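*Asks:* Residue numbers (full-length UniProt numbering), protein chains in the order written: chain A, 1 to 252; chain B, 1 to 252; chain C, 1 to 252; chain D, 1 to 252; chain E, 1 to 252; chain F, 1 to 252.
Keep in mind that a hint or two might mislead.
Claimed, not checked - Selected chain D positions facing chain B (Cβ under 8 Å, derived; list incomplete): (1) Q106; (2) P111; (3) N118; (4) Y132; (5) T135; (6) A136; (7) G179; (8) P182; (9) L184; (10) E187; (11) E188; (12) V247; (13) I249.
In short, the hints are calculated from the structure, not lab data.
Please read these numbers as outputs of a predicted model, since none were measured by experiment.
Cβ atoms here follow ideal geometry from the backbone N, Cα and C, with glycine treated the same way.
If you want the building blocks of each chain, they are given just below.
There are 6 protein chains.
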Amino acid sequence: MANKVKEAWKSGKAVVNGWLAIPNAFSAEMYAQCGWDSVTVDMQHGVQDYLSCVACFQGMQPHGVLPMVRVPWNEPGIVGKVLDAGAYGVICPMVNTEAEARALVQYAKYPPKGTRSNGPIRAGSYGSGGTYQKTANDDVLVIPMIETQTALDNLEAILDVEGIDAIYVGPSDLGLSLGMEPKLDREEPEIMKIYERLLKETDKRGIAAGLHNGTPEYANKMIKMGFKLVTILNDVGLMVNAAKSAVKIARG
Amino acid sequence: MANKVKEAWKSGKAVVNGWLAIPNAFSAEMYAQCGWDSVTVDMQHGVQDYLSCVACFQGMQPHGVLPMVRVPWNEPGIVGKVLDAGAYGVICPMVNTEAEARALVQYAKYPPKGTRSNGPIRAGSYGSGGTYQKTANDDVLVIPMIETQTALDNLEAILDVEGIDAIYVGPSDLGLSLGMEPKLDREEPEIMKIYERLLKETDKRGIAAGLHNGTPEYANKMIKMGFKLVTILNDVGLMVNAAKSAVKIARG
Amino acid sequence: MANKVKEAWKSGKAVVNGWLAIPNAFSAEMYAQCGWDSVTVDMQHGVQDYLSCVACFQGMQPHGVLPMVRVPWNEPGIVGKVLDAGAYGVICPMVNTEAEARALVQYAKYPPKGTRSNGPIRAGSYGSGGTYQKTANDDVLVIPMIETQTALDNLEAILDVEGIDAIYVGPSDLGLSLGMEPKLDREEPEIMKIYERLLKETDKRGIAAGLHNGTPEYANKMIKMGFKLVTILNDVGLMVNAAKSAVKIARG
Amino acid sequence: MANKVKEAWKSGKAVVNGWLAIPNAFSAEMYAQCGWDSVTVDMQHGVQDYLSCVACFQGMQPHGVLPMVRVPWNEPGIVGKVLDAGAYGVICPMVNTEAEARALVQYAKYPPKGTRSNGPIRAGSYGSGGTYQKTANDDVLVIPMIETQTALDNLEAILDVEGIDAIYVGPSDLGLSLGMEPKLDREEPEIMKIYERLLKETDKRGIAAGLHNGTPEYANKMIKMGFKLVTILNDVGLMVNAAKSAVKIARG
Amino acid sequence: MANKVKEAWKSGKAVVNGWLAIPNAFSAEMYAQCGWDSVTVDMQHGVQDYLSCVACFQGMQPHGVLPMVRVPWNEPGIVGKVLDAGAYGVICPMVNTEAEARALVQYAKYPPKGTRSNGPIRAGSYGSGGTYQKTANDDVLVIPMIETQTALDNLEAILDVEGIDAIYVGPSDLGLSLGMEPKLDREEPEIMKIYERLLKETDKRGIAAGLHNGTPEYANKMIKMGFKLVTILNDVGLMVNAAKSAVKIARG
Amino acid sequence: MANKVKEAWKSGKAVVNGWLAIPNAFSAEMYAQCGWDSVTVDMQHGVQDYLSCVACFQGMQPHGVLPMVRVPWNEPGIVGKVLDAGAYGVICPMVNTEAEARALVQYAKYPPKGTRSNGPIRAGSYGSGGTYQKTANDDVLVIPMIETQTALDNLEAILDVEGIDAIYVGPSDLGLSLGMEPKLDREEPEIMKIYERLLKETDKRGIAAGLHNGTPEYANKMIKMGFKLVTILNDVGLMVNAAKSAVKIARG
């Protein structure tokens, strides 16, 4: 499978990413037909586990979106399992040090670049002719989350780790870490300055910067600012907002 | 449990009803917090079966919405099972004759009004003090769908069947039956005339009329016209519309 | 697999039957180790469907209890499916006429005795050497429920239908049908008289009579009265009673 | 979605059909990549229900096989549900009379040809541009099973029912009905004569004839004889045969 | 949601806690109506994983019991996930050192007290008005298990870790660690002396002490001794005991 | 339960092991009847998680195969959970050092040999009379995988760790680690030399050597070479090969 996110980034484009918290293949397959470039199964805060991730991937597969996962933690067992399941990108929370970034890359790459174990049980069938193992080290996106003061302190060292394709910013956790309220679509100057630094440092290294957003309007603004991977809420968040609005209008 | 839909109807109010096609309790529990009066698990066209209906009911229960089901067909086995699971209303597709309406009432009521078998395994625990069986015949809403020319031909006879609390109109099937395109939010004069007849005949008998809608604006208009039970699309339809819109805005 | 219930009945013994409402294989496998002769998955009022029945059967299988099912309704599709899944007995609710009893037997027997379709996907592996189809017509118990006034009116005609191995009495539904409260462990003289008639008529024909009970003490009394198949509540009922008692004792 | 089975039949070709008894999307997606033209979820004798059928369809969808279902029984609720789920063909067991064949066609076709209700929740997304409802009556294959003496007695009347695309023969049930052993890959002259009659009568009417087979060699012979739809065992049967053979060889 | 366990402890009362090993929402919802103050999903030794925990929580929610989890191990990924799912208490096995206790507190608290990541997908909806994140650090109970000799050696250091609300004793593991048989409801003087020390040291620090029990009578005795959190077996254990007893009585 | 693998090894025999990637109890129960000595649920590269492992064990249990698990990673939480679920053998990937081997043994043994926590919720019921905990340390097989250059470098130290019953070789990962293609059934002299060393060193210590194979013919050759535990592909691999072959033959 061509990694359409990687290709978009090569040509300088931003990608719009979906986010799945509902552990259901039917929901995922309908959501995957809405225009997203990639769709990420959120195994950290979403109501997802490994088998629901597989089910969501099965629902998504016919619809041409790049399958990604946010793993619950930087741990080799689960990183290996979601890659075998067919993830073409791994977003990993709370990567705060160079060592943690190196570990993540190790878990996600086959030797000699890493220590991933061979057995791409579903991933292998995305490709053609059994070529998966030859191209996976290049195709699979490794994306640590930068979302704490510690990560900012170690930013350059993290970004210099070979094998990192992008970073992803969680604005709520970043805020909490800095003593602010946990929320999305932030406007604080302090945060804006951090975003600018992240964009500058990633851009310098040919790494994409991603951001989780609460509204499509803010996401669009962030694309213009330079972010190359934007997500808007998640499946259930969009549904709840739409339902609340529908009820109000129907009641008049 | 007080049947808040029945109470609303008694006081002349219309209710806004949710509709679940996603077979998942988490999705259902989030959706149930959006302001609906009742939420219906759609076992006919939704991706739902009996156990997913139970799961959705479990997700909905803390949030104060009346649980209802659209059964896949007018069949005693499944009517009994969803009532035992806790449905306080049964919407039944394709009720076209007086005999079919009588059968539906029979399946949904305990003796002597019907032939429902005793065993309200989840329903019993909605109540308090083991009173469920004493009040169920009054509390459970029996709602045949009027959605074919045959049903219109037999309308008065259907409505005169004792034990019917409301009717529900499926505009797509009604259209198909009349040789029109299957769609919601219809404006054809021929259909409007049918709606007027339905409202008149139901109103005369103290029966509520319900309608499936594609947009909240149309639903609001239908409340003003006299419908007492309006649904807007379903969970997945609202999510898909919201997601398509978010992608477009984010891309700018 | 030897049908140990049939063997017990041949030697004049009563069997103690378990009843599963919890749709879970782990729960079923633990429950199956408690001393029951047979365990019945209740697909009518239990929270069970076809796949949960299969799962419960899988949990029960190592533990030597005869697997039975109460089907939700007298319908050929589901009778065939639970037999294929490995049920060695089918309890069918609301069999009120000779015609309904004949239909049930038809659904449960291979030609020439009935119209069951061949394909015992799990049932076949209970046996050895592919002999299942040759013995199934003899081994599988067909057990209509007698639980309405209509059934009592037609009792002899129902019992005379060839192929019926036992009847099963639902005291709650029987009570409802007679205008009494729905409850188990009844003591009304009117009901006792009915039980005596049922025992006499079944005994005369070499048919076993079964009864659903609320307490083991009452079940024991009914065995002494002549019932050959007694059930005590179900899995969840026993658990709830035990839990309520434990909480009270712990609080002192 | 183009109905590749229908196209093959138009050009006079036979199709090789897979058969799913394992209720799992992963198993289905791997099996769907083995070269079948169509894959049928067996809800009659397979360990399948409605939601496992949906899961199998999700697993199959990216791999270009036509999704079909064998329903458990000729019943409008389940026929409607599997079509909504995306089945492009319905194989229905035990169709023994013209009336049963007419009923099946009714359940499977939208008005005015039948009484199918509108709501193709997954099926709609196989197509493009919302055209599903306009083409479904032509695209969806209606395939009654001819597997009893009664069906043979009524053969011409059944085949003359408008809307039937093919018939499917269950050799085990056919054998049982004729007083023979239930088995596949039959060689009895009596059966061969029946097959010849079926091929002659279907061919005359432009209807395809299908057959369930136990070995690929026999299936190939049947294609040569004129059958246009051949199935070989099912997923689990092929696996079990392969596993038994592997164990033997490994042991030496 | 008010933390009724915390409130009970403040007023000096003991709480009676349920324990779920059966991975099923229906079983959980029935069990939750038996009078427990809190119900703990046992993800260590119970047949539970993350999604079954969510399902159990959904079943429990309407019935007013405090939801807690025993995690399988002291690991940040799973601690975060169960808190997001709505756990208001985390019981963690095998906390043997001060460092392990500190780690547990870190995983369970938002900054600045810990490193928990923001995203309370279900937990957020227990509260009202989006206040969850502001009160979670106070509301969520952190409960390390003291069940080895090493833990006893480090007891004071563990108890001095800020943020610990209670300890929980596993008598079987404690026994194994001390070279004794693994069992509940212990009476060995050596164990009693340990319990007295635990009660003294926790009481001194305003920390509650909890204990797993085999019978309600022993649990009651332990409440009198000073334990503030007592559990009696688990769901399946109570069911099995009740079923074995019922079979015996029914057989006479 | 007698550990038939251990007994076979004691008498010098090799065992043939099955391998489950399909997360389904029905598939597992059919596969378990094919002649395997043991069947391993592959939680590393198979589409399996904890609850699907439990389901597969339930399907396997009546059929006399020793239940084993390949865990996803060397982590105490999951090792404990699969043993409680009833695994009588744990195959652990990527054990590269003596310390890792020691940790694995610790996780798998009760005190004083290790730190496994007591609570064999399903495992306990395999035995009789509550003897499980007394024999588990002897019965449960601990099997580290040797599949990297690092592991070969540390081979003697790993093998000398007390409590290791066997090793298991993953030829694909071993190849990757040595800079070769990932594949099974290897013939490279370099690999053969490694196999000879492994057989010599394990044999010397009374430890069995196991190997994953792609064909039964190669597996048989490896038994002759001295391997005592051979696996052939997995459930889905055998099915896919058989299905591809069947399609080809049917097409002619």
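*Asks:* State for each hint whether it applies.
*Replies:* Hints, one by one, checked against the model:
Evaluation of the D:Q106 hint against chain B yields a violated restraint, the C-beta minimum of about 11 Å exceeding 8 Å. Annotation: interface hint on D:P111 holds; nearest CB of chain B at approximately 5 Å, less than 8 Å. A cut of 8 Å between beta carbons decides the hint on D:N118: the least distance to chain B is about 4 Å, and the hint holds. Annotation: interface hint on D:Y132 violated; nearest CB of chain B at approximately 10 Å, more than 8 Å.
With 8 Å as the threshold, the beta carbon of D:T135 stays out of range of chain B, its nearest partner Cβ sitting at about 13 Å, so the hint is violated. Taking 8 Å as the C-beta contact cut-off toward chain B, the hint placing D:A136 at the interface is violated, the least distance being around 11 Å. Hint status for D:G179 relative to chain B: violated, with the closest Cβ pair at about 33 Å, above 8 Å. A cut of 8 Å between beta carbons decides the hint on D:P182: the least distance to chain B is about 28 Å, and the hint is violated.
Interface hint at D:L184: violated, since its Cβ lies 31 Å from the closest Cβ of chain B, which is beyond the 8 Å cut-off. Checking D:E187 against chain B: minimum C-beta separation of about 41 Å lies over 8 Å; hint violated. Violation of the interface hint for D:E188 is found here, the shortest Cβ-Cβ separation to chain B being roughly 39 Å, above the 8 Å cut-off. With a least beta-carbon distance of about 36 Å to chain B, the hint placing D:V247 at the interface is violated under the 8 Å criterion.
Restraint check, D:I249 versus chain B: the minimum CB separation of about 42 Å is more than 8 Å; hint violated.
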